[in-house]
Amino acid sequence: MGRLRKKGQAGAAKNYITRTQAVKKLQISLPDFRKLCIWKGIYPREPRNRKKANKSATSTTTFYYTKDIQYLLHEPLIQKFREQKALEKKISRALGRGDVGNAKRLESNATRPETTGKPTYTLDHVIRERYPTFNDALRDLDDCLSMLFLFANLPSTSTVPASMIARCERLCLEFQHYLIVSKSLTKSFLSIKGIYYQANIQGEDVLWLVPYKFNQRIVGDIDFRIMGTFVEFYMTLLGFVNFRLYTSVGLKYPPKFDQAKDEQSAELNAFTLEGQNLVSNGEDGQEQLTNGEAEHQVDPETQAAVDKVVQKLKGAEDEPSAAAAENGAEAEADGEAPSHAIDKFEPAAPGGDVLTQLDYSGSDAANLFANCTFFLSRETPRHPLEFLLRSFGCKRIGWDAVLGEGAFTTDERDPSITHQVVDRPVVQTTAEGEGEGEGEGEGESKGAQDNQTSQKLGPNQRIPGRIYVQPQWVWDSVNDGELKRPDLYAPGAQLPPHLSPFVQPVQGQYDPTVPLEEQETEGEALAESDEEMEDANGGAEAADMDVAGSDAEEDEEDEDEEDDSFGGFDEDEKKEGEQGEEVGSDDDDEAAQRQIELEAELTGRPMKEKPNKAKSKKEEARKALAKKAAEEAEEHERAKGMLSKKKRKLYEQMIYSNNKKSAEAEKLREKRRRIEKQAAKTKGKV
Amino acid sequence: MAVLNPLSGDGEAPQQYKQPSRKGKKAWRKNVDVSDIQKGLDALNEEIIRGGVIAEKASADLFTIDTVGDASVTKKRTTKALRSDEIIAQRSAVSAVPLRKRPAKTSDGLLPVKRQRKDWVSHAELARLRKVADGEHDSPITVKDASYDIWATPAPDAAPVVKAAVPEEHNFIPAEVKPKPPKTLRHKPISLAASGKSVPAVAKPTGSYSYNPLFDDYAARLQAESDKAVEEEQKRLAHEEADRLKAEATARSAAEADAAEARAEMSEWDEDSAWEGFETEADDDEEGNGKVSARKIAKRKTTVQRNRTKRRKADEGRLKHMAAMKKRDEQVKRIREIAAEVAEREAHRAALVQAKSAAGSDESEEDVGASEVQLRRKKLGRAKLPEGDLELVLPDELEDSLRRLRPEGNLLKDRYRSLLVRGRLEHRRRLPFKKMANVRWTEKWSFKDFRI
Numbered sequence: 001m002g003r004l005r006k007k008g009q010a011g012a013a014k015n016y017i018t019r020t021q022a023v024k025k026l027q028i029s030l031p032d033f034r035k036l037c038i039w040k041g042i043y044p045r046e047p048r049n050r051k052k053a054n055k056s057a058t059s060t061t062t063f064y065y066t067k068d069i070q071y072l073l074h075e076p077l078i079q080k081f082r083e084q085k086a087l088e089k090k091i092s093r094a095l096g097r098g099d100v101g102n103a104k105r106l107e108s109n110a111t112r113p114e115t116t117g118k119p120t121y122t123l124d125h126v127i128r129e130r131y132p133t134f135n136d137a138l139r140d141l142d143d144c145l146s147m148l149f150l151f152a153n154l155p156s157t158s159t160v161p162a163s164m165i166a167r168c169e170r171l172c173l174e175f176q177h178y179l180i181v182s183k184s185l186t187k188s189f190l191s192i193k194g195i196y197y198q199a200n201i202q203g204e205d206v207l208w209l210v211p212y213k214f215n216q217r218i219v220g221d222i223d224f225r226i227m228g229t230f231v232e233f234y235m236t237l238l239g240f241v242n243f244r245l246y247t248s249v250g251l252k253y254p255p256k257f258d259q260a261k262d263e264q265s266a267e268l269n270a271f272t273l274e275g276q277n278l279v280s281n282g283e284d285g286q287e288q289l290t291n292g293e294a295e296h297q298v299d300p301e302t303q304a305a306v307d308k309v310v311q312k313l314k315g316a317e318d319e320p321s322a323a324a325a326e327n328g329a330e331a332e333a334d335g336e337a338p339s340h341a342i343d344k345f346e347p348a349a350p351g352g353d354v355l356t357q358l359d360y361s362g363s364d365a366a367n368l369f370a371n372c373t374f375f376l377s378r379e380t381p382r383h384p385l386e387f388l389l390r391s392f393g394c395k396r397i398g399w400d401a402v403l404g405e406g407a408f409t410t411d412e413r414d415p416s417i418t419h420q421v422v423d424r425p426v427v428q429t430t431a432e433g434e435g436e437g438e439g440e441g442e443g444e445s446k447g448a449q450d451n452q453t454s455q456k457l458g459p460n461q462r463i464p465g466r467i468y469v470q471p472q473w474v475w476d477s478v479n480d481g482e483l484k485r486p487d488l489y490a491p492g493a494q495l496p497p498h499l500s501p502f503v504q505p506v507q508g509q510y511d512p513t514v515p516l517e518e519q520e521t522e523g524e525a526l527a528e529s530d531e532e533m534e535d536a537n538g539g540a541e542a543a544d545m546d547v548a549g550s551d552a553e554e555d556e557e558d559e560d561e562e563d564d565s566f567g568g569f570d571e572d573e574k575k576e577g578e579q580g581e582e583v584g585s586d587d588d589d590e591a592a593q594r595q596i597e598l599e600a601e602l603t604g605r606p607m608k609e610k611p612n613k614a615k616s617k618k619e620e621a622r623k624a625l626a627k628k629a630a631e632e633a634e635e636h637e638r639a640k641g642m643l644s645k646k647k648r649k650l651y652e653q654m655i656y657s658n659n660k661k662s663a664e665a666e667k668l669r670e671k672r673r674r675i676e677k678q679a680a681k682t683k684g685k686v
Numbered sequence: 001m002a003v004l005n006p007l008s009g010d011g012e013a014p015q016q017y018k019q020p021s022r023k024g025k026k027a028w029r030k031n032v033d034v035s036d037i038q039k040g041l042d043a044l045n046e047e048i049i050r051g052g053v054i055a056e057k058a059s060a061d062l063f064t065i066d067t068v069g070d071a072s073v074t075k076k077r078t079t080k081a082l083r084s085d086e087i088i089a090q091r092s093a094v095s096a097v098p099l100r101k102r103p104a105k106t107s108d109g110l111l112p113v114k115r116q117r118k119d120w121v122s123h124a125e126l127a128r129l130r131k132v133a134d135g136e137h138d139s140p141i142t143v144k145d146a147s148y149d150i151w152a153t154p155a156p157d158a159a160p161v162v163k164a165a166v167p168e169e170h171n172f173i174p175a176e177v178k179p180k181p182p183k184t185l186r187h188k189p190i191s192l193a194a195s196g197k198s199v200p201a202v203a204k205p206t207g208s209y210s211y212n213p214l215f216d217d218y219a220a221r222l223q224a225e226s227d228k229a230v231e232e233e234q235k236r237l238a239h240e241e242a243d244r245l246k247a248e249a250t251a252r253s254a255a256e257a258d259a260a261e262a263r264a265e266m267s268e269w270d271e272d273s274a275w276e277g278f279e280t281e282a283d284d285d286e287e288g289n290g291k292v293s294a295r296k297i298a299k300r301k302t303t304v305q306r307n308r309t310k311r312r313k314a315d316e317g318r319l320k321h322m323a324a325m326k327k328r329d330e331q332v333k334r335i336r337e338i339a340a341e342v343a344e345r346e347a348h349r350a351a352l353v354q355a356k357s358a359a360g361s362d363e364s365e366e367d368v369g370a371s372e373v374q375l376r377r378k379k380l381g382r383a384k385l386p387e388g389d390l391e392l393v394l395p396d397e398l399e400d401s402l403r404r405l406r407p408e409g410n411l412l413k414d415r416y417r418s419l420l421v422r423g424r425l426e427h428r429r430r431l432p433f434k435k436m437a438n439v440r441w442t443e444k445w446s447f448k449d450f451r452i
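Keeping their order, the protein sequence lines are chains A and B. The numbering of the first sequence is full-length UniProt numbering, which starts it at 1 and goes up by one. The numbering of the second sequence is full-length UniProt numbering, which starts it at 1 and goes up by one.
Just chain A, with the same shape it has in the complex:
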């Protein structure tokens, strides 16, 4: 017989503690306990056996680890909570005695730490405890950023004070400034919930969601005290993260903040970034977000070259301090220059998984909009557009005066503008004729009437020499890393669908962004060429000679189209080039065959094996394919036999779902093929 043990002295009964017990042990109130748990990262737990943990009590309660609560006892913040509790008791006693003056005195003494010498408490040590390294903090930044961006866009209420909102907004804008300077924003996505952004900060992917402006409804079933607690924690966290990030690119934190400009809703432009080192402050340390207000525009390439020369000189003089005094961001970019090339992940075996390539925010992608000057019309969302354009290298952004302070220009007619973002429907005006000739005069008169919106151009009036696009163009360009064809995004045009950049293509699945040839299976390719063959043959019999090249033409046109819509992928072009060559050789073959056919027709002799050459080739290919498939099937069957029953079931299920998916993908490809063919035909006819 084993040692007798008393019940409830070991195991779950000892390891877990209920919430009420915890509150009693810590001697604080329940709301304070909840706060403390949120800050310290103590989560509710679940014992394997509730009955044992709860000592046979049946009430549903929340459990915590006893050790966690024990550790909480050492928390300095708990002292503050207890002080507060004592104060509350004192005040309520004074009030109960009708001694209001005394109550007030007690309260005011407690809330004046600078005069009473009592310490103020911050969450700094908690941040350090919960995130021992900076990377830990970055990993948890998703939630932090989403929450702070959300609170920055809330209306102020009694539960969400205006000061909290202002601080959230400031922290978020500072963080955005870092992203702009370091060019670490990678993707963005316009969803129905809000705008998603993804940035790569020191190798860590951070994804967050920003709400659209003026959209937040406050619903009843949210505990704002809890949310406020989280926000307090995250504000402290983001402050430290910002500090670290700013110093890592050689900027001073906090940046200078212009209250007056902020009140004019300058947002990003209310901040002035400064270099960290006081020595270099005079020369180039002062990096201000100029928005093109500088007297002369410096070509970025020239600047880079000059910087390099300067650095070399400095290196020769052996002045590390001076070198460090260089603007950090540029110095870093220069330092990385030789190591630009990043290895590309390629699947080890053909048909393997598509591997995600490392997103490298090299200078080419980060300076996507470097040579553009944008103008945002008043109906466009200014803040996200400004942030996105800036983080991809745009230096000059103007917008309508109603959108706030800090624009490069508020004049829509500025000749330096190259792109204008418009989201207005095309108005069908009756007097179309006068729009062109007298448009300007009319526009001015209109502007005089309606100076609040400062709209100076008439409806539908366009200024020549600039590109008009809808906002989606910016997002699609950013996600694809190239400037998209603007005519697809022209005002009034039917926009192409806005695809999510976060969806990874799966091998064998239909991907709308990739040309058909790259994704179709061998069997499909063969079937397609078969069809084409038949078409061609039918055509040859029905019509005469000029159908001969139809196939080739079609292919070429297809290619052209794809070039247009999907040009810019380097690999794509290469592959297309190869295919083009193949098509060319095919053309040669076909021409020769046609020649033979014609000759045979003229001479009246039956054709020999030559005409069937292509067909037989196909036949062979098909046979080989079928054989391969049969072999594979056999192999699979054999392998399946080796498996245990359970595994086999699993495997079969997997095969079944895969087949279903691939059938779907095949259907989609088929549809696309048909549409493309139709388009090509109509094109050919025209």
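Derived by calculation from the structure, the hints in this document are not laboratory data. Take the hints with a grain of salt, since some may be wrong.
Stated by the list, open to error - Keeping only pairs whose Cα atoms sit at most 30 Å apart, straight-line, the calculated DSSO-like set for lysine-lysine is:
1. B:K235 <-> B:K413
2. A:K671 <-> A:K660
3. B:K413 <-> B:K444
4. B:K197 <-> B:K178
5. B:K188 <-> A:K55
6. B:K183 <-> A:K51
7. B:K310 <-> A:K55
8. B:K204 <-> A:K85
9. A:K646 <-> B:K313
10. B:K434 <-> B:K204
11. A:K90 <-> A:K118
12. B:K188 <-> A:K25
13. A:K25 <-> B:K434
14. A:K14 <-> B:K228
15. A:K118 <-> B:K235
16. A:K24 <-> A:K51
17. A:K671 <-> A:K646
18. A:K80 <-> B:K448
19. A:K14 <-> B:K378
20. B:K188 <-> B:K434
21. B:K197 <-> B:K434
22. A:K67 <-> B:K183
23. B:K327 <-> A:K67
24. A:K25 <-> B:K378
25. B:K327 <-> A:K14
26. B:K183 <-> A:K14
27. B:K178 <-> A:K85
28. B:K197 <-> A:K645
Claimed, not checked - A short list of chain B residues far from chain A (calculated; beta carbon distances all over 12 Å):
29. R102
30. E125
31. L214
32. A262
33. K301
34. A324
Nothing here was measured: the structure is a model prediction, and the numbers come from that model. Glycine residues also receive a C-beta, built at the ideal position from the N, C-alpha and C atoms.
Starting from the known structure of chain A, fit chain B onto it as the hints suggest.
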């Protein structure tokens, strides 16, 4: 003379005149006769009103020595004064309390104005103080701008690098022992996903969430969501139907039971009356007797019966034991085989686990977000998790322009729910207001005291 009298009663303390003695405990409790004192006080009051206490006045004030005699006395005709004059003449010699508000004391400008009450507290302030006393205080922490790199210094739990100047044996002050954070603190919070995988804070959005989605993505999601809605509705309808059926069945069985009871009573009564030799309708008075006789009383078991059960139980136990032993013997005989079997099963399980982990090596995180994830059945805490909003633009509201986009869902709710699903918090039912004490209002009984 009291000027103000209460409406009811004589306004005097209760008294007992005929109290012979105050010896004994009880006697003291009785009301003491203070009427002479009262009278005296009243007289004093009267005197004060009439111009001061006579006993305290100097003789010169009270008396004059008349040496001449009054000449006007003879001339004066005594006329009876008016009643009104009499009443007015009864004015008290004590001046009335001034009701006029006086301005605050002014100074000559050199000295500060002396305020009457310095510790004056406004009503708003008082309300705030009450709230503070109730536990509504500001946040105990202050959020300051970051002014240093928190990650630059060595970790707080790392051992100090610099050694103490005093050698160990001479240092009698023990080193400060810092509490070590327990391992449990690093445990991951409980994910509420059915799969048990951790849910990402912000899920990567699929193409169907686009404001201008690809048709296939959108159609698939719309179909899925509508299927879900239909299923839910069907479930609700089925539930309703089940409830209805249950209620019906209950009603039916209750009716049947009633009927049966009535029948039983009737028959008994009928039997009784038949036995008695006459037939009447069931009488209300007899109802009580009928019910008791209907119940069957369980009989006591005999010793024989008890012994029989005991024997049977023992037999059963013996047989069971024998079967178990037999099985064990068999197993002992083929112990090798069993060991091999177990080993194989273990290997199989291990292989499965391995295969699973290989299939989804990076699937420690669920790909879908908190709004879409399949929740497990067991809750964390008492309250049910709030439903996520349906984030779907209906086909007729689908716009291809960003300007006309009407955002769906509520991000506040989304964030809050995400916290819950990731197990950072337990959900609590929101209490819109505090539970109040049950107050009952009554009218004072003095409303009856009035005199016309």
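Now the hints, each set against the structure:
The straight-line distance between the Cα atoms of B:K235 and B:K413 is roughly 26 Å, inside the 30 Å bound, and the hint therefore holds. A threshold of 30 Å between alpha carbons decides the hint, and for A:K671 with A:K660 the separation of about 17 Å falls inside it, so the pair holds. Distance check on the hinted pair: B:K413 and B:K444 sit about 50 Å apart at the alpha-carbon level, beyond 30 Å; violated. With a C-alpha separation of about 34 Å, the suggested pair B:K197 and B:K178 falls outside the 30 Å cut-off, and the hint is violated.
For the hint linking B:K188 to A:K55, the alpha-carbon distance of about 25 Å falls within 30 Å, and the restraint holds. Simply put, B:K183 and A:K51 have alpha-carbon atoms about 24 Å apart, close enough for the 30 Å limit, and the pair holds. Between the alpha carbons of B:K310 and A:K55 the distance comes to roughly 37 Å, so the proposed pair goes past 30 Å and is violated. This hinted pair does not check out: B:K204 and A:K85 have alpha carbons roughly 44 Å apart, beyond 30 Å.
Annotation: proposed proximity of A:K646 to B:K313 is violated, straight-line Cα distance about 43 Å (limit 30 Å). Simply put, B:K434 and B:K204 have alpha-carbon atoms about 40 Å apart, too far for the 30 Å limit, and the pair is violated. Proximity of A:K90 to A:K118 is assessed by CA-CA distance (about 17 Å); at most 30 Å being required, the pair is judged to hold. A threshold of 30 Å between alpha carbons decides the hint, and for B:K188 with A:K25 the separation of about 24 Å falls inside it, so the pair holds.
Proposed proximity of A:K25 and B:K434 is supported: the alpha carbons are some 25 Å apart, at most 30 Å. Proximity of A:K14 to B:K228 is assessed by CA-CA distance (about 44 Å); at most 30 Å being required, the pair is judged violated. Of the pairs offered as hints, the one joining A:K118 and B:K235 is violated, with about 60 Å between alpha carbons and a cut-off of 30 Å exceeded. Restraint check for A:K24 and A:K51: the C-alpha separation of about 21 Å stays at or below 30 Å, so the hint holds.
Between A:K671 and A:K646, the direct Cα distance comes to roughly 38 Å. Violation of the 30 Å bound is thereby established for this hinted pair. With a C-alpha separation of about 56 Å, the suggested pairing of A:K80 with B:K448 is violated against the 30 Å cut-off. The straight-line distance between the Cα atoms of A:K14 and B:K378 is roughly 23 Å, inside the 30 Å bound, and the hint therefore holds. For the proposed pair B:K188 and B:K434, the alpha carbon gap of about 34 Å is over 30 Å, so the pair is violated.
With a CA separation close to 38 Å, the supplied pair B:K197 and B:K434 exceeds the 30 Å bound. Proposed proximity of A:K67 and B:K183 is supported: the alpha carbons are some 9 Å apart, at most 30 Å. The straight-line distance between the Cα atoms of B:K327 and A:K67 is roughly 47 Å, outside the 30 Å bound, and the hint therefore fails. Restraint check: the Cα-Cα separation between A:K25 and B:K378 comes to about 28 Å, which is no more than 30 Å; the hinted pair holds.
Under the criterion of a C-alpha separation no larger than 30 Å, the hint pairing B:K327 with A:K14 is inconsistent with the structure, at around 40 Å. Pair hint B:K183 plus A:K14 holds up; C-alpha atoms about 16 Å apart against a cutoff of 30 Å. Restraint check for B:K178 and A:K85: satisfied, since their Cα atoms lie roughly 26 Å apart, inside the 30 Å limit. Restraint check: the Cα-Cα separation between B:K197 and A:K645 comes to about 27 Å, which is no more than 30 Å; the hinted pair holds.
Listed as outside the interface, B:R102 is consistent with that label: its C-beta sits roughly 24 Å from the nearest C-beta of chain A, beyond the 12 Å cut-off. The beta carbon of B:E125 sits about 6 Å from the closest Cβ of chain A, which is not more than 12 Å, so the claim that it is off the interface is violated. B:L214, annotated as away from the interface, has a beta carbon of chain A within 12 Å; the closest lies near 4 Å. Distance to chain A confirms B:A262 as a non-interface residue, since its nearest Cβ pair spans about 42 Å, more than 12 Å.
Every C-beta of chain A lies more than 12 Å from that of B:K301, the closest at about 35 Å, which supports listing it as non-interface. Every Cβ of chain A is farther than 12 Å from the Cβ of B:A324; the closest lies at roughly 22 Å, confirming the non-interface assignment.
In summary, the numbered hints that this structure violates are 3, 4, 7, 8, 9, 10, 14, 15, 17, 18, 20, 21, 23, 25, 30 and 31.
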